[in-house]
Structure formats: C-alpha cells, structure tokens
Amino acid sequence: MKINKIILSFISALAILLSTSAISIAKVVGDKIILGSAISLTGKYSSNGVHTQNGYNMAVDRINSMGGVKVGGKTYKFEIIYYDDESNPKRAAQLAERLISQDGVEFMLGPYSSGLTKAIAPVTEKYGVPMVEANGASRSLFTKGYKYLFAVLAPANLYLDVAIRTAVELNGGKGVRIAQAFEQDAFSQDVRLGILDAAKETGSEIIIDDKLPKELNDMAATLVKVKQMKPDVLVVSGHTKGALTAIRQIAEMKVDVPMLAMTHCDAAKLSKQHGKNSQYALCASQWHKTLTYKDDFFKDGMTYAADFTKEFGYDPPYQAAESSAALLVFKDAFERANSFDQKKVRDALAATNMQTFYGNIKFAPGGQNVDKPMVLFQVMCDSAGKCENKVVAPLKWASAKLIHPVPKWSER
Amino acid sequence: MDFMVFQYPMISVQACLDGILLGILFALIAYGMALQWGVMNIINIAQGDLVILGGYIAYFMYLFGIHPAWGVIVAPIIMYFVGVGLYKLVINKVVDRDLFISILATFGISILFMQLMNFAFGADVVLANSGYGTTFLFDSAVVLPNSKIFSAFVSILFAICLVIYMKKSKLGRAIRATAQNARAAKILGVDTEKVYAATFGINAALCGVAGALISITFTIHPYMGLPYTIRSFMIVIVAGLGNLPGVALSGMGLGVFEEFADYILGTEFRIGAVFLLLVLILVYRRFKLSRKREYLK
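Residue numbers (this note's numbering), protein chains in the order written: chain G, 373 to 784; chain X, -6 to 290.
Don't take every hint at face value.
As the list claims (entries may be wrong) - For the chain G half of the interface with chain X, some residues (derived, Cβ under 10 Å), not all of them:
no., residue
1, 591
2, 617
3, 647
4, 732
Simulated from the structure, these hints should not be mistaken for lab results. This structure is a prediction, so every number in the text was calculated from the model and none was measured. Each residue gets a CB set at the ideal place from its N, CA and C atoms; glycine is no exception.
Only chain X is shown next, with the shape it has when bound in the complex (with noise of 0.2 Å):
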C-alpha cells in the first residue's frame, strides 16, 4: 500500500484527469458493447479483439505514412464492414439463443482473431506516433500528452454523432425500435435481420474509432483485447444498457478506480482491481441483466 496519492494533492489531480481521459475511451467502446447487448442481447467477447484490429489499421496507416489520427475515420469504416460480415457468418445464428451460446460463438471469434492477427501482424508489440506533444498545467505539477486529449475528444464527438443518429435517422429508430421489441418490430415492417447486421457493424465501427486512438496513446499487441473486453462489460454492467449518460459516468468512474488503484495498491494490481470490481458488483446486481432485457433509449 502506498497512499503518496494522498501525501501529494497534485498526484490525486493527474489521477483524476488520467483516469477521466481514459475512461471516456472505455466508455466508447462500452457504448458499442451496449448497444449490441441491448438490440440482440449478444455479449460479445470479441470486443477487445475487434478494438486491437482497429489499432492495426491505424498503425499500418502509420506505416505507410499516413497520420495514425486519420484512423478514426478510416478504421471504422473497415471495421463496419468487419462487423457485418461478422454478423453475417456467426452472430445471426446465435441471436435469440441462449446468451451463453452467444458467449461461446464470440470467446471462439475471439481466439480466432487472435491467432489470426498473429499470424498476419506478427507478436511485435507495435504503435503509432502522433506527435501530438504535451500539455502542463498547475505549473508543469500535471501533464496530460496531448495524445490523450484527443483520444477523448474523438470519443465524445463520436459518441454524440451516434446519440443523434439513433434519435434521427431511420435506421437509428429502427434499432431501438428493434431493442424494445423486436417481435413487434419486425410485424411493424422492420427488417430486423438488416437492424441486426447494422448494429453489429456499429458496434465493430465503434471498436475501430477506439482502437485507432489506443494505437496512439498506448500499444497494440494481438493479445492484447480481453482487458478492453473486461472494461466494457463492467461499464456496461454498471450503466445498464440503454443509459448513455451512465455509460460515460461508470467510464470515466472506471478509469479514475483504475488510476488509483494503480497508485495505492501498485501497477500489478490495477487489471486485478478491475476483476475485484466486476465480481463485487456483479454480485451485487445478482444477475439481473441477464435475466431481463433492458430497453435502449
């Protein structure tokens, strides 16, 4: 136990701040987590995995020269495609089965992409720079990489483009249309097969833009996905599905948890703090989401 996050009120304040900006990330890629959860009730342990093959795009971008920030706008389409053709294979003969023939589709898709990123990326921990440089504040007391920041900022402004779309757009209406009952939907006339692929394709888009920015803020590496995973289903557990301010809030509570732990318990316990968390609340929640679908908003 170290409790110099106490002893140095600046230390607390780069906490707050790195986890704020860290969670926003989380949340983001939580968002995508429920809203798939929400349409199709899938819990999709590919998430992780989906976010890493984002990052690869944005670093081969790198490679080639390209600014790893144009990314977010080309990841996400790529990946879109990726997630349809997801949906396409596998995930449209698992939904409305059993979660836990959900749970075992996509703990499969995710060993899959591992070992196929591996094969086609190599085992090289790779990332890209952005050359974003540093902002300090209080007198240099908090620094903050720029990269950080923006990493935030692209995910709020994705996470408000998307908040419109479902409130706006035809198709955005029909997905939750779909979530609150997807029988009555499709005698309605939606075509919920077509709502399904999309979301899934959402969801992976989402996946993108997130992974693109965690190739320039931290690294990425094939087997790298299921502590994204882990975070977003916590958040998601949090927040409940259909709660978009929750979502951000239990983000952003998740990453600030995960700084201070990191600070008073140590680095080696800051993944395990996360496990600690997903247990205590998912016993106190006692399932429930589980059991009842929960309507998106």
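Bound-form chain G, shown alone (with noise of 0.2 Å):
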C-alpha cells in the first residue's frame, strides 16, 4: 500500500514536472516563431507528404535568409516541428493536440490531403490556433464555419469546372455530354459536385456518372459504357491510381473521346509512366511553374522551379508551390499584425490580399482562396515521344493552344 502511494506521487510529480517543462517550450522563442505540423511522412501519402514538407522547409530557409520576419521591431525566424501523422486521419488528430497543448505550438500548417486537414481542422478550432494550410482542397473544410482555417488553394470543386466550361465554349456554348468516373473519397467526390454544378449552368447533359471505389484498378467496365455511348467529354478523379488506370486502359481500349479532363496527372507522372499514351489528357493543377505571378522571395515560377530542383533534385509538383506559399502568407500576416497575439493573427491572415509566385492569395469568410483560378494543361509530345505538360486554360495563362477533339487512335 504504502509503495503504491509512492509510485503514484512520484508518477503526479513526474507528469506536473513534465507539463510545466512542456509550456515552457512556447510559440515564440527567443526570436524563433516556432510553427508545428503533423505531416505523412510514412503510409500511402508519404510521396505527397513530402513535397509539402520541402516545399515548407524551402519556403522557410529562403524567408529566414532574406531577413526574417519583422514584428514589434524586431527580427524573427521561422521554424517547424513536424511529427509524422503515418497517413492516418486519427493520428494527425492526437498530434495536432500534441503540438498545442505539449509542445505550446501556437500557429499550424496543414497536414497533406483533405482527410487529414479535417482530421486536424477541429481541434486547431477548438484551440484558437490559425492554421495555413496547402494542401486540402475539400469543399466541405470551408462550409464548417471554421474561423483559424486558411487554406492558400483553390477549393476542390473547382478542379474540373474549367474543362466543362471549355468544351462548351468549344462547342459554340451549347452544353456537351459528359461521362464522368470518380472514386469515392471526400476529393473526388467535391470534384465530381463542382462537375454537377458546371453541368447544371452550361445546360450539358451527364450520361454516365461512374463512382470508382477505393481499391480501384481496373475502369474496364466504365471505359466500355463510354465507347458505347460517345460522350464530348470523359472527366476522372481518383487520385494517382485513378489517371495511371484510365490512361493505361484508354490506350488499350482505343477509347476515341474528344475531351478527357482528370486530376492528379502531375503527382501520378503520366507523361513518365505512359509516355505517348497520355497525349492529349488534360489536367487540372492549382499551379504551374510558367504561370507569371511573382514576389520578392522566389521570384517567379520558373525560379522557383529551378531553385527547388536545384535543392530536392526533382521538378516540383504544385503540391511543394502551395506548401511554400503558406509559408509566405503566414509571414505576411505576422507582419501587418505587428504582434503574436493569436486572434490578431487571425485577422491579419482573414484580410491577406498579396501575391505570391504560386498566385493571388484572398480568403473568402470559409477560409478558401478565392483570388487563384484553376489550370488545365494538356500533355503535348514531340515525335521523338518527349512529353511535356502545357498550360490550354484558361486562355490568359496559355502557353500552348489546346488541342481540340483529341485525334482518334486510328489516326495517330
């Protein structure tokens, strides 16, 4: 009896020691502005996980190097705590809470993917604790109300939408017929209601609307419907599995389809993994490096781009671009809040209005950026079968003219 009441004061002195200790490790540190993120860097995100953590961690040496941030007259600079989340929505959770109430972390950036953003969004809220994020496009993080939610991208729904837009309008604004095919996962599914929506103004038609599920490897079934029923337009989600098994099947099928528009071709590689058979596919990216928008850390795109593969040895993905512009922002806001006072920090990041080499950034009340337009580009390959991603749409941003009906596989 008595050695258990030892055990258990030693274990009360032990946790009180331990909670004290971990206050004591605040948000600003000497002049260090500590920022936390759980991220996937183990688990099926981990490739993606990691171009946000380079792009994070680029955007973070590259501020601190060009000065810092300034508050209150004085010189601060950045640094993050990452905790691998292992890709799962839960753990993220347990970390975000981690990182708040041990670690006293007291600004966030975001995890990858939209699951694990609404996995960390809630307890992020429930703290008071401004979160930028980068990389979760969920239409339904910004219909919660959440109020320390800011995301630097464009919301799902309008991943798509400018593909449909295009075909009407290369149709002479007559609505089209649309086949779509989308997995079932929070992403695709806001992609397929930003289609519905698109849809419904434009007077087109869905005459097939394919739900994919999540072990998904073979579209056979839906490819077949589609040649059965020739729509104008073929539009996939289903994240890198989603455009690998379409491209692969479309080229094997011989699927003649005057449009296909899909997500996720630059995080699948598709003009590395199928070469000549993803000619022609279009798809939707929140960023590209020839786009032409520029502040004073990175420049432009194309700087970036060659920074960023000088640093990490591979092209960046958009996903990396966002990264390093929530990094940008939260600079901002620090500075025109001129303190580290949460709620002053919310309110500067709530009136951000600036440009970045990744794009306009402007939050609307939900916390999704309202000033950066969506990009179709189209693979495009040489004869020698170099591929290459082109920027088509929208019109102002085009570094190539689309190509429109994609040539059938008998002419090609």
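If you follow the hints, you should be able to join the two separate chains into one complex; please do so.
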C-alpha cells in the first residue's frame, strides 16, 4: 500500500514536471517563431507528404535567409516542428493536440490531403490556433464555419470546372454530353459536385456517372460504356491510381473521346509513366511553373522550379509550391498583425490580399482562396516521344493552344 | 442499377471475356493459397502482399529497361526464396497450431510487408508498360488488351506445369503425401519440414508470377494486396482445397461475377459485391473447411 502511494506520488510529480516544462517551450522562443505540422512521412500519402514538407522547408530557409519576419521592430526566424501522422487521420488529430497542448505551438501549418486536414481542423479551431494549410481542397472544409482555417489553394469543386466550360465554349456555347468517373472519397466527390454545378449552368447533360472504389485498379466497365455512348467529355478523378489506370485502359481499349480531363496527372507522373499514351490528356492543376505570378522571395514560377530542383533533385509538383506559399502568407500576416497574439494574427490572415509566385491569395469567409483560378494543362508530346505539360486554359496563362478534339487512336 | 449490359449484347460478351481473363489470373493466386492451405492448414492473409511484392520485382526490371514480361520468370525465382525465408522465420512456428494463430501471424506479416514496401518503394502508384497492343473482336465491338490475354495464357501455363510437377516429381509426391497425412508421411521418411518450406516457397513463387502479370495489366501499390487475398480466399472456399479444375472454374466465375456486378451495380460496389458473395458462401458452407482438412489430390 505504502509502495503504491509512493509510486503514485512519484508519477504525479513527474507529470506535473513534464507538463510545466512542456509549456515553457512556447510558440515564440528568443528570435524563433515555432510552427507545428503533422505531416505524412510514412503511409500511403508519404510521397505527397514529403513534397509538402520540402515546400515548407524551402520557404522557411528562403524567408530566414532573406531577413526573416519583422514583428514589433524585432526580427524573427521561422522554425517548424514536424510529426509523422502516418497518413492516418486519427493520428493526425492526436498530433495536433500534442503540438498545441504539449509543445505549446500557437500557429500551425496544414498536413497533406483533405482527409487529414479535416481531422486536424476541429482541434486547431478548439484551441483558436490559426492554421494555414496548402493541401486540403475539399469543399466541406470551408462550409463548417471554421474561423482559424485558411487554405492557399482553390477548393476541390473548381478543379475541373474550367474543363467543362472550355468544352462548352468549343461547342459553340451549347451544352455537352459528359461521362464522369469519380473515386468514392471526399476530394473526388467534391470535384464531382463542381462538375454537376458546371453542367447545370451550361445546360450540359451527364450521361455516365460512375463511382470508383478505393481499391480501384480496373475501370474497363466505365470505358466500355464510354465507347458505347460516345460522350463529348470524359472526366476522371481518382488520385494517382485513377489517372494511371484511366490512361492505361483508354490506350489499351482505344477509347476515342474528344476531351479527356482529370486530376493528379503530375503527381502520377503521367507523361513519364505512360509516355505518348498520355498525350492530349487535360489535367487540372493548382499551379504550373510557367504562370507569371511574382513575389520578392521566389521571384516567379520558373525561378522557384529551378531552385527547388537544385535543392531536392526533382521538378516541384504543385503540392510543393502551394506549401511554400503557405509560409509566405504566414510571414505577411505576422508583419501586418505586428503581434503574436493569435486573435490578431487570425484577423490579419483573414485580411490577406497578396500575390505570391504561386498565385494571388485572398481568403473568403470560409477560409478558401478565392483569388486564384485553377489551370488546365495538356500533355503534349513531340515526335521523339518526349512529353511535356503545357498550360492551355484559362487563356490568360496559356502557353500553348488546346488540341481539340483529341485525334482518334486510329489516326495517331 | 444499370441494365445496359443486357441491352447491348456485345457488352455482355465483353464483360464475360474480361471476367474470364481476370478470373484465370485470380485462379493462379488462389491455387497457391489452396496448396499451402491444404498442406499446412494455414490461411495466408499476406497472400495479396506477396502478389504486390512480385509486381514490384517486374516493375523494377521495367525501370532498368528489361521488358516486364521477363518478370514472370524472375519474380517467381526471387519470391520462392522470400517464401522459404518467411517459412523459416515465422510460418514454421505456427504450422500445426490453431488456425487462428496462423491467421494472426500472417496478418502481422501482411502489415509488415505493406509498411516495408511503402518504405522501400514509396507510396506512388506504379505500373509497367508491356506495349502489347490490343485485339479487336466482332468488328471492334469487343476489345481485349493483349496484356490481359498474355496474363491468362501465362497463368494457364504455370498452372499446367505445376500440376505436372506435383504428379511426377519426387517433391510433388512428397507434398501430396504430406497433405494427405503429415504424420504418416513423416513416418515413411518424408522430410515434412522441407516439404512445408517448399510448399510455402511455391506459393510465394505463384504469387510472384501473378504480381508480375498484374504490374503489366493493372497497377501496383503497397496497400493494394488485400483485395487479392480476399479473392483467392473466396475462390478456395468455393472450389475446395484439392480441386484444381474447381479453382480455375470458380476463379473465372468470380471474374465474370465481378464484371457483371461492375456493370449492373456500378464500379463502386465491385469489391463490395465480392465481399457479399464471400459472406453468402461462408454461411452456405458453414465454415466446413476450417473444421475439416481436405486432401490435395
């Protein structure tokens, strides 16, 4: 009995000691602003998680080396505490709790993917911790009335909206016949809702509306229907699996469709994995290096891409670019708030109106960025079989002319 | 519900042919499972992960500029040793134990394999391009990718070789003897330990072949193994353990069932339909298999 009491008091003493020492590692230590992020370094999102982390790190180094953040006449440097969320929403939520209540982090950066952002947002909201996220595009994130969530990217329902509008425009303003296949996950279903809205507004008709399972690796049935019904546009969204499977089977089954639009082409490295078979596919993207947005830190997209490649050895996917932009937003907000008070920083974030190399950033009351349109690029290959992604829409940013309709397989 | 498949007869033909080609590939994986289930009384939950690992072998050959079809030769050789190694490390400790122990052990192996593959190869979805082209039938109304035909052909070839091997070779006979009565076989001089290791190796090798074929027909991802485990489990439940024609037939049946479920219920219910069928069959067979060991003919 006595022994038990001693152990118990020892444990509680230890707990008190730990909790007090944890609090002492606060958000702003000396000349450092400490941000926290749960990120997928292992598990199924690990490749995009690493892109996100690389984007964050690159921006931290750049901002720190170019003078840091000036608040109250003093210069501060960014530092990020990362934890691996194992691509698991539950774990991500736990880690957000830990970052906030144990590590004393008062400002957060988002994780990778809509699902994980959804898991973390209620936690940051509960503690009133401002979070700038760059990789959660699901529309449902912005309809919950979150006050402390800010996303630098365009919401998911806008991903392929521009494809439908372009198709209608090319059809002389008349509605088109759409075939669509979407994975059963939050993101793809939001993309689908966007298409439904666009179809309604343009008087287009949806003739095939398939849902794809998470274990998707065969969409032959959808494609057989497409062959039979001959739609004007085929829209596919199922992350990298969906993009790779669609291109493989469209090429194998020689499915002719005038326009093929999808998401995640660059994450899937379509042109590398499929070469010429991926030619003419239209891909929705948050960012492309040829866009001419500018800022003081990374100059423009081309310079960012070159610097990123030099540092990490691969071309930056948009996931990295938008993550870097998140840091620029934080820096701007801290300086405008001129304070580390969470409420003031939150208000400064809400009032953001700036241009970065990644695009314009201005937040709607829901937290989504409303000032940056999606771009569409088309995979174009030369006769030697070397393929490149060229921006074709919106016209303002286009670096090449859209090839429409896609040539028939028999003519390629 | 969509009954388009019945309105256009050619779609039915397409669905049947797709299903049969797919089913033959499933049957190959299932045959491996039936073999080691029959011999060792082990339900291998990691079956699908062995398949995916085989797929990665073919994919890496493809990355190094070797045609991925050679994967059907290289993958089984490597996978055989992976299988034997796995047996020596883990499986030999759970043979002859309760079925649940083996399920738990292989479940653990499955998780470990998934994480290791994710760690080693990354979480990207990958595939190997065979460049095999397409076959058009009935005035282009039915299209069959040659890679699927190739897969079915290779699967049949391997199955035939295996059957002959089991009938004619010394080890094959030893495996069958052990399946019928391990104790008697041991008394009569069969080294059952060796037989078990070889059986698990052969199973892994078959998974390797199937994986290589999947990398050229579908896609490969570290977490995509489970659906293959489920399918092979179901095929074995339907066909029974020692029945190769049964495995082939129920494989094809499952393939066709999946394709039709895809057309009628929608792609989102494809795997769901397989699970539903599994439950129905299990209820129907009242877990007979877990109570009674069957012979491998």
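Here is how each hint holds up against the structure:
1. A least Cβ separation of about 6 Å between residue 591 of chain G and chain X falls short of the 10 Å threshold, and the interface hint therefore holds.
2. The interface hint given for residue 617 of chain G holds, since its Cβ lies 6 Å from the closest Cβ of chain X, which is under the 10 Å cut-off.
3. Contact between residue 647 of chain G and chain X, as hinted, is supported at the beta carbon level, the nearest pair being about 8 Å apart and thus within 10 Å.
4. Checking residue 732 of chain G against chain X by beta carbon gives a least distance of about 31 Å; that is not within 10 Å, so the hint is violated.
In this structure, the one hint that does not hold is number 4.
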